[in-house]
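If you want the working numbering, it's the 1-based position in the sequence shown plus 3.
Hints in this document: simulated from the structure, not taken from any laboratory.
Pairs of lysine-lysine, DSS-like flavour, derived with a Cα cap of 27 Å: (1) LYS59 x LYS130; (2) LYS59 x LYS160; (3) LYS130 x LYS58; (4) LYS98 x LYS158; (5) LYS142 x LYS130; (6) LYS142 x LYS31; (7) LYS97 x LYS158; (8) LYS31 x LYS130; (9) LYS160 x LYS58; (10) LYS97 x LYS160; (11) LYS158 x LYS58; (12) LYS59 x LYS158.
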Amino acid sequence: MRAVIQRVSHASVSIASSNDDSTAETRKRSIEQGFLVLLGVCNEDTIEDVDWLVKKIANLRVFDDNEGVMNRSILDIDGEVLVVSQFTLYASYKKGNRPSWFRAGSHEHSIPLYEAFCRMLSEAIGKPVGTGEFGADMKVELLNDGPVTICMDTKNKE
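Generate coordinates for the entire structure from the input sequences, incorporating the hints supplied.
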């Protein structure tokens, strides 16, 4: 499981309706100060990966304390989280210039883990987590604060 965690002043995701109608409604979900998490799942991922990643993100100390030192977590600042599925985090780019997605998890495997991640992270921070929609066409907007961007991979825990 791979995650790109961005400390944000605010972030939002617009989700286009799956309807073919050009006047289809777009749903928008947004957060204020907190994390935008782009989450990729591969077929080797398990619920243990979800648990490890949730604990790491909930306790990640990248928010400034009173002395301006990154020493506070999302819990300490009562921040919000927006999670957007991102299969392209598993792009393979070794051959040619067109990425391959063969390492990205199948929908059948990834959706339950994505949903478990969102549910467990919500429980860990004590508030609802905003989400995108798995497999949908989405537009993400954010104001990266710092900028602070952390990449995590559950296969590289050490």
